[in-house]
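Trainee: The lines below spell out each chain.
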Amino acid sequence: MRRDRLAHKLELHPDRLFPAEPGVRAIARELYDQVTALPIVSPHGHTDAAWFARNEPFGNATELLLQPDHYLFRMLYSQGVPLAALGIGAAADPREGWRIFAEHYHLFRGTPSRLWLDWVFAEVFGLEVRLEGETADLYFDTITAALHHPGFQPRALFERFNIEVLATTESPLDTLDHHRAIRESGWHGRVITAYRPDPVVDPEFEGFQANLDELSGLTGEDCRTWGGYLAAHRARRTVFKAMGATSTDHGHPSARTEDLSARETEALFGRILAGDFSSWDAELFRAQMLTEMAAMSLDDGLVMQIHPGSFRNHNARLFAAHGRDKGADIPTRTDYIQALKPLLDRFGNERDFTLILFTLDESAYARELAPLAGHYPCLRLGPAWWFHDSPEGMRRFRRTTTETAGFYNTVGFNDDTRAFLSIPARHDVARRIDCGFLAELVAEHRLELDEAHEVARALAYDLAKQAYRL
Amino acid sequence: MRRDRLAHKLELHPDRLFPAEPGVRAIARELYDQVTALPIVSPHGHTDAAWFARNEPFGNATELLLQPDHYLFRMLYSQGVPLAALGIGAAADPREGWRIFAEHYHLFRGTPSRLWLDWVFAEVFGLEVRLEGETADLYFDTITAALHHPGFQPRALFERFNIEVLATTESPLDTLDHHRAIRESGWHGRVITAYRPDPVVDPEFEGFQANLDELSGLTGEDCRTWGGYLAAHRARRTVFKAMGATSTDHGHPSARTEDLSARETEALFGRILAGDFSSWDAELFRAQMLTEMAAMSLDDGLVMQIHPGSFRNHNARLFAAHGRDKGADIPTRTDYIQALKPLLDRFGNERDFTLILFTLDESAYARELAPLAGHYPCLRLGPAWWFHDSPEGMRRFRRTTTETAGFYNTVGFNDDTRAFLSIPARHDVARRIDCGFLAELVAEHRLELDEAHEVARALAYDLAKQAYRL
Amino acid sequence: MRRDRLAHKLELHPDRLFPAEPGVRAIARELYDQVTALPIVSPHGHTDAAWFARNEPFGNATELLLQPDHYLFRMLYSQGVPLAALGIGAAADPREGWRIFAEHYHLFRGTPSRLWLDWVFAEVFGLEVRLEGETADLYFDTITAALHHPGFQPRALFERFNIEVLATTESPLDTLDHHRAIRESGWHGRVITAYRPDPVVDPEFEGFQANLDELSGLTGEDCRTWGGYLAAHRARRTVFKAMGATSTDHGHPSARTEDLSARETEALFGRILAGDFSSWDAELFRAQMLTEMAAMSLDDGLVMQIHPGSFRNHNARLFAAHGRDKGADIPTRTDYIQALKPLLDRFGNERDFTLILFTLDESAYARELAPLAGHYPCLRLGPAWWFHDSPEGMRRFRRTTTETAGFYNTVGFNDDTRAFLSIPARHDVARRIDCGFLAELVAEHRLELDEAHEVARALAYDLAKQAYRL
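Residue numbers (the working numbering), protein chains in the order written: chain Y, 922 to 1391; chain H, 922 to 1391; chain F, 922 to 1391.
Just so you know, the hints here were simulated from the structure itself, not pulled from any lab data.
Being a predicted model, the structure only gives us computed values, none of them experimental.
Where hints are given, some of them may not hold.
It does not matter which identical chain is used: a pair holds within one copy or between any two.
What the hints assert, rightly or not - Okay, derived cross-link-like pairs now, SDA-like style, lysine to any residue, Cα gap no bigger than 25 Å in a straight line:
#1 K1247 with I1258
#2 K930 with R950
#3 K1262 with W1147
#4 K1262 with A1241
#5 K930 with A1241
#6 K1262 with A1203
#7 K1262 with G1172
#8 K1386 with T957
#9 K1262 with H1243
#10 K1386 with Q1000
#11 K1262 with Q1000
#12 K930 with R1390
#13 K1247 with Q1259
#14 K1247 with R937
#15 K1262 with S1200
#16 K1262 with W1201
#17 K1262 with E1125
#18 K1247 with A928
Can you build the whole structure from these sequences, using the hints too?
Mentor: As structure tokens, then:
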């Protein structure tokens, strides 16, 4: 039995993720062959700049692959595995944590995590058998040993992965020392930052009031005046641009925007500063700040992204015990039509402004987002996001947005990940799925093959560079 | 003409419902071959325990197949057939009703009812021509004659259908005499009950106040006190467990839950008892009762099901003339994120509690339900329900839930039917569709074949037994 | 390079839009071959009766194909092309506008506009190379020249397109002179009108008060009394019927209906007339008027259509500069369950009344619309509409409505277009997609081939004639 189970091979099939019908598959393969070697453009993600600044080896399999990945431990948790057993929020033997993961690896059947991980196991670490209980130690030892070789250091992997540019995401309170260190190191990998001001824009963010004071300290502006607060944003955006930023990002509960008068805005800001505000005020302030940020983008050219609609920390007890980002963020129904109107009424027709929209509510793809992006000059659609960053999710994205918004109002792929080793796998999934979708259009004579080649390249590479001004 | 139309053969193709692409179809067939003979586990449904207690022959084709099946007569009604003509709410010649049905059988093209019925006609009754106007009498006579043979009595069919366990659904006011009679009869068929307390939980249910008094009488508890009311529920749940129940079921207009203080709850219950409540109060009471039921489930181990989001009796005139369950229940948009939070805040992290969620609002699959089930230890997803219990509905369910929740946070199939003869057909459809979905994953190299075999068996059999503790 | 690009051929593949799998494709082709020659029944659209009354040649390529088609210029606008450059809201050289269009033709890859246009280019004008920058002038010259030949006059095209009946849509304020002229001309093309009373029913429509006065003038009724207003509607409906109308159409922001008492209605109408109403009042009045229109339909037999859920003129600056219908209408989430209940409570069970429902919110297909249409005798489902009138949109429509509503509660295809030359292309797309869908059912043994033939014909021809009483 044991021998039998050990015999499960791990192989990445060259035709994986292509449609099964042989004629369509042949077209998909032909399209994919032309884009597979293109460099990776990663315009939005959550890797840690410190990795590339310090270039220190990653620790062990559990620390690198399991503990930071909420996609993984949320699934284990859903099936009764305590987070503490995985070393999350508690000390635990990393090998034991890895064994638990291995024994539950079947839970990931049919999920994108399985695809990404198998790629990492096979391509990065050369493993040739499937992860399961019996192979847990082999995996742990192989991976952990490899991580101490120079070829597995962050910069070496960055180069091996053929990454042309990689954007991280930082708070305005981040001093960007790691980004500065990368630039001063002489290493030529292009790692850039992006401006994510939620901690100083969202009055309900943990530590918001202290964050404002920190922002004052960092910029020399008095963030307790409306003018000083805006000036501080402008100052930090300039610093971020100097560290390569071409974009901002905004993770709000909704996509709501406002365009209040100066008097209303100052009064609102006053209530926020006084800590005397309702959740309605907080929403109003976030909404107004999106429009303020758009105004700044018109000035400094930073591309704006909105990632709305996640109910953060839905599990109250888990949040109390473990804090943010523990797999308990749940999507909510999200409106765009009313929500974006104030901002669009002001800036929607600007051709030099780019606003990239994301959603966790797929019912908005065909109903709201594609019609909006197929009309407003400033709008583009971000790729299928988070829970929808998956083969089926990407297919639904293309099937429901293309007919109204076309391909050229979309922006190529974002990996949006902190799981650095999985970045090539994620881009590869996107390229395969997009080529498969294009192949179906070709096979149904809805698109000519020469055009499909152009679009495949655009989706894999060109559109991301253009939309994010990279 | 008549001869020609009579020549339409009725044949169940062995490859029905498998994907058409030959490579995928071959994999689907291989997977299906391993699960087709597994016994039927039916953990939730609406058959009548009296059938198995009494084991009397069913009456005639119309009485057995048409009159109780609101899927059928709602479609006929939508095309102008009066219910009275079918013998619903009025006396009518069953043969005449059957003829009308036969003449309209084309209306069911492309619907699951057609699949289920054709299976019943061919497999149970051996019919070899299609149902249509010309064959109406042949059908009526063949079926009605067969029903008088011992092999077509309820228990014989139960055995012939290879049913391992069949759950019915009863109100707390049901004395469960039929279940008791089954047990005392010496027959070994496993028919169990489930606890569906809507008639004594929903203040807007017809006869609610009288129902409370009947519950008091049945339990000896004073249901006009909050303590007595809860004790009565506990008492009935214990009786239901003795008749095999492993689950409760709750058919509320929404998924709303509450976790009110004892004082608030008692005050609310007071208003309900006094008949002096708003529809808001009624909703609040149902919401609070879901949390109370969850608390009881933690004590007695009954698995909890919520079937929310049906607007019952939407057609006012039909309801006035014919009463409940006449095909006029319409799904509504259903929120889970805010709705379930009070219950989940209290019990969401309990590993010994199981709450199975259903929906009639498919937009919640990927946006809300899969993310919730892929995180909370107590949650599982029930299968595609009611209008979505269909080939396309099941495919959408798998495509939109698997990537986030995996397979193992789902619970296999429910037939949820009162159409006893169609139970094998319904499970067969589910098995075929699931095997087809798995075959697509295998053909696209997203899952290995040995794993697909394990998952196919889990979906067809194991998961239902585990989730429902059978 | 130039020569190479000029070499791109334009060819309409005979198998376009059929599923790629060869077995399914063969069935689709067989089904399609039986319906491709059926005449076009176009029961709802926006062509101009004046074209057929006057039978004057169309002007040039830009004027005919680009400037009236908001599908086209909205996409160009979304990518930064000013409307003025296309001659919209400004004078511009039509050839220059056409060149801009040609240079941006790649934006339409994957969209239905591309399919429709390529058909027009190839089939109507005999073009054999693809539209792109290099072929812009060839196209402009070829099309513009052809338009001066008698074979390209409106009536000749109508006959060439094999149109059996074509409905236009007019306001009650339209004198229908063009329709009268068509009838009096001796030409036998069947062009009929449809009653679209939004300008005199929606208090928020531009010019509503003046429109009422015009309606009074036209009918001799005093539209400033409730009785006179209703009588005026009845009078115009009678006139419309005389010009062939078999239907009414209602383009409201929501599907809301009301059934107010006479006293409430008159009071509401008084506030509306006084111009002293809230947006709530306006919505209430539109809602009440749907029920009034239904009542009139019961009397005069006009089939009623509701096209709800478009947020008109979302782009405030564009509306100020260019007015209505400039590609800035965006769909909104649309409820049907609560919204239609007042009307359905009154007329839902009438078998002689037909109400055809449309949606821009696809999440309502399976959740609300199919269940409603699969029950209420008066209801039918209109085809996939506007942004969803596309190959993928039509497939989603069939996949999500058929299992609950069947085929026979749908009404075949509407082209709903003012782009006259594209009408055959649009019907052809619908026929191909429906045959492809049916072929999948046949290939999966969910429907027999002889039945699929019947359904294919019904979807292509019979159902439209029956539902619209043509």
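Trainee: Hint by hint, note whether the structure agrees.
Mentor: To see whether the hints hold, each was checked on the structure:
1. K1247 with I1258: Between copies only: 17 Å across chains, 31 Å inside a chain, cut-off 25 Å.
2. K930 with R950: Answer is both; intra-copy 24 Å and inter-copy 24 Å each pass.
3. K1262 with W1147: within (24 Å within a copy, 37 Å between copies)
4. K1262 with A1241: between (36 Å within a copy, 15 Å between copies)
5. K930 with A1241: Classified as neither: same-chain Cα gap 42 Å, cross-chain 64 Å, threshold 25 Å.
6. K1262 with A1203: Both: 19 Å inside a copy, 21 Å across copies.
7. K1262 with G1172: both (18 Å within a copy, 22 Å between copies)
8. K1386 with T957: Cα proximity of K1386 and T957: one copy only (17 Å, versus 45 Å across).
9. K1262 with H1243: between (38 Å within a copy, 18 Å between copies)
10. K1386 with Q1000: This pair counts as between: shortest inter-copy Cα distance 16 Å, intra-copy 41 Å.
11. K1262 with Q1000: So K1262 and Q1000 pass the 25 Å test across copies only (19 Å; inside, 42 Å).
12. K930 with R1390: neither (43 Å within a copy, 34 Å between copies)
13. K1247 with Q1259: Result: close only across copies, 19 Å inter versus 31 Å intra.
14. K1247 with R937: neither (31 Å within a copy, 43 Å between copies)
15. K1262 with S1200: both (21 Å within a copy, 18 Å between copies)
16. K1262 with W1201: both (18 Å within a copy, 20 Å between copies)
17. K1262 with E1125: Both, since 24 Å and 19 Å are each at most 25 Å.
18. K1247 with A928: neither (34 Å within a copy, 56 Å between copies)
Checked against the numbered hints given earlier, this structure breaks hints 5, 12, 14 and 18; the rest are met.
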